[in-house]
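Enquirer: Sequence:
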Amino acid sequence: MDNIERWRQAATDVFWYQAPTEVLDESKPPFYRWYPDGVTNACYNALDIHVDEGRGEQLALIYDSPVTGAKRQYTFNELRDEVARFAGVLAGLGVLKGDRVIVYMPMVPEALIAMLACARIGAVHSVVFGGFAAHELAVRIDDAAPRVIVSASCGVEPSHVVRYKPLLDEALDLAHRKPEHCVILQRPMEPASMHAGRDLDWETEIASAVAVDCVPVNANDPLYILYTSGTTGQPKGVVRDTGGSIVALKWSMRHVYDMHPGEVYWAASDVGWVVGHSYIVYGPLFNGNTTLIYEGKPVGTPDPGSFWRVISDYSVKVLFTAPTAFRAIRKEDPTGSHIERYDLSSLKALFLAGERCDPNTLEWAQDKLGVPVIDHWWQTETGWSICANCLGDELLPIVPGSPARAVPGYDVRVLDEQGEEVPAGTIGALVVKCPLPPGTFINLWKAPERFEKAYFSHFPGYYETGDAGYIDDNGYIFVMARTDDVINVAGHRLSTGAMEEVLAEHPDVAECAVIGVADALKGQLPLGLLVLNAGVDRSAEQIAKESIQYVRDQIGPVAAFKLCAVVNRLPKTRSGKILRGTMRSIADGETWKMPATIDDPATLDEIAEVLKGLGYPPQ
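Here UniProt numbering is used: the first residue of the sequence shown is 1, the next is one more, and so on.
If you are wondering where the hints come from, they were derived from the structure by calculation, not from laboratory data. Any given hint might turn out to be false.
[Said to hold, decoys possible] In silico BS3-like cross-links for lysine-lysine, where the CA-CA straight-line distance does not exceed 30 Å:
| id | residue 1 | residue 2 |
| --- | --- | --- |
| 1 | K178 | K446 |
| 2 | K562 | K593 |
| 3 | K348 | K331 |
| 4 | K522 | K446 |
| 5 | K71 | K28 |
| 6 | K97 | K71 |
| 7 | K577 | K97 |
| 8 | K297 | K562 |
| 9 | K593 | K612 |
| 10 | K446 | K28 |
| 11 | K593 | K577 |
| 12 | K522 | K331 |
| 13 | K331 | K433 |
| 14 | K453 | K433 |
| 15 | K297 | K577 |
| 16 | K446 | K577 |
| 17 | K331 | K97 |
| 18 | K97 | K178 |
| 19 | K446 | K433 |
| 20 | K71 | K348 |
| 21 | K433 | K178 |
| 22 | K453 | K545 |
| 23 | K577 | K612 |
| 24 | K331 | K28 |
| 25 | K545 | K446 |
| 26 | K577 | K562 |
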């Protein structure tokens, strides 16, 4: 099907106050605009439409919090009414169409309610991951200049309570662009002190609020800003439009995930990340699905069976999570014994994204769950999958290590440094031919020059993903590493992802990372870090030695793989991405900055000690 015709047809499946007569405005590349004369509202498409169509009593939202013991459920009627009232709170505080609202919340229903309330009145929400450091929050406050901030007194982790309000107060002391008000959800485990005149109590405000209707907005009006870390240290505010997002996300729920209204979909992520925006909040609700907000972890809340318990309790059809979650489960329960405790007959597929899924993890999940395990590739900037095995169309053969082929609407190519396409099987820069499909980012907040330079200048006419990989003879795409993680060993360009695949095959290895470290003779050398499965009692030295031999046997001496060590854990972001770039900077003795999104800063200290033992950085 022609690309324009596909998205013309898809647009007829959503509600418009004014249906678009133009599908795509290509007049100012790379600032493409989908449905430029359409008028709609994301909240109406997520909630009101289902009520108006007679499905108001269907379950819309399930909240399950093993860290607090709390559980709640909302029908579409109840969720619409709650959102409409909180939209009234925001409107009463002077929030108008186009104003920004920062949401700094834990995984509670009120986070989703605040986001949809912004969409209801045409305000632009910017969700900042709950618990972000005060300085990082202040930077985002200054950039977005919110009229209101919505937050909570605290978040709850398995081992401790994270006090959000003091972090927010400190951020507001640092910020130059102060909001007029903060609305605070007081949680019983850690109530917060309130700043008179500025801070307002959620429960008090919503109790007296007057519900408001949806405000029509232009299809190209921003739905939200989502900040992603930039290489300069200044965060990049990815801007998503309204109309394109509704069309693309609803289309993806049917075609990529094979979801139908009334079925239960669970994205085990956080609303602070793009997955949470697209597939906890918007995508499932646009499609009339029941969505889940889970305040817990894959292990430790209370055990490695926590995901299976949720699937069983709520008859989840599709689970979407990060490969790192499954590596954590597998590490704690290698035989999958906890799976046997639950009825998983409702589960039809597992989707993985966020970090490249090694074939070993994929095969373990397939073996234990007995359902298709689909690795798919996408980014904060794209908002939904670039490549996927589209379950709702035709399930292609699953090839471990590949997220299958490009999703309709994406034209993926592999280019060399000169911008020329490379032969099948050759590693190069993965790019997408412009225009990108609906639902992808339309700009960076207040930084159009940076938008062009960072993503579209290196390969004119293409979106540069920053990932490296290859396309095989069957059109399957293999995403091997970030472009920076393709290392040059004595003139040979080698993928760290390919080496990680080999290391993950070792029966004692739960997860691993390979980084390229500077070498005076060869330019770079690969260095492997291994985390072992629970219960392994063999020596770390022996396992490292065997792992080195694995790489020599399967990739060859050209890899020059001689540096390998066992570590207790790998440093990761809160979304599960391994911080390879930061580890590489430590190994090379370069100046580095503590990543704002790091899950546990102590992990970098541990890695630094291990690297020192291996002789890095060289003295």
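Enquirer: Each hint: holds or not?
Expert: Hint-by-hint comparison with the structure:
1. K178 with K446: holds (18 Å)
2. K562 with K593: holds (28 Å)
3. K348 with K331: Satisfied, since the Cα-Cα distance of roughly 24 Å is no more than 30 Å.
4. K522 with K446: violated (42 Å)
5. K71 with K28: Violated: K71 and K28 sit about 48 Å apart, past 30 Å.
6. K97 with K71: The hint is violated at about 33 Å.
7. K577 with K97: violated (35 Å)
8. K297 with K562: Not satisfied, since the Cα-Cα distance of roughly 35 Å exceeds 30 Å.
9. K593 with K612: holds (19 Å)
10. K446 with K28: holds (17 Å)
11. K593 with K577: With Cα atoms ~17 Å apart, K593 and K577 stay inside 30 Å; holds.
12. K522 with K331: violated (35 Å)
13. K331 with K433: Judged against 30 Å, a Cα distance of about 39 Å means the pair is violated.
14. K453 with K433: holds (16 Å)
15. K297 with K577: holds (15 Å)
16. K446 with K577: With a Cα-Cα distance of about 27 Å, the restraint between K446 and K577 holds, given a limit of 30 Å.
17. K331 with K97: Not OK: K331 and K97 at ~48 Å, beyond 30 Å, violated.
18. K97 with K178: holds (19 Å)
19. K446 with K433: Measuring from Cα to Cα gives roughly 24 Å; hence the hint holds.
20. K71 with K348: Holds, at about 24 Å.
21. K433 with K178: violated (41 Å)
22. K453 with K545: Given that 30 Å is the threshold and the Cα spacing comes to 44 Å, the pair is violated.
23. K577 with K612: Holds, at about 23 Å.
24. K331 with K28: violated (50 Å)
25. K545 with K446: Distance of about 51 Å is beyond 30 Å: violated.
26. K577 with K562: It holds: about 25 Å lies between the C-alpha atoms, which stays within 30 Å.
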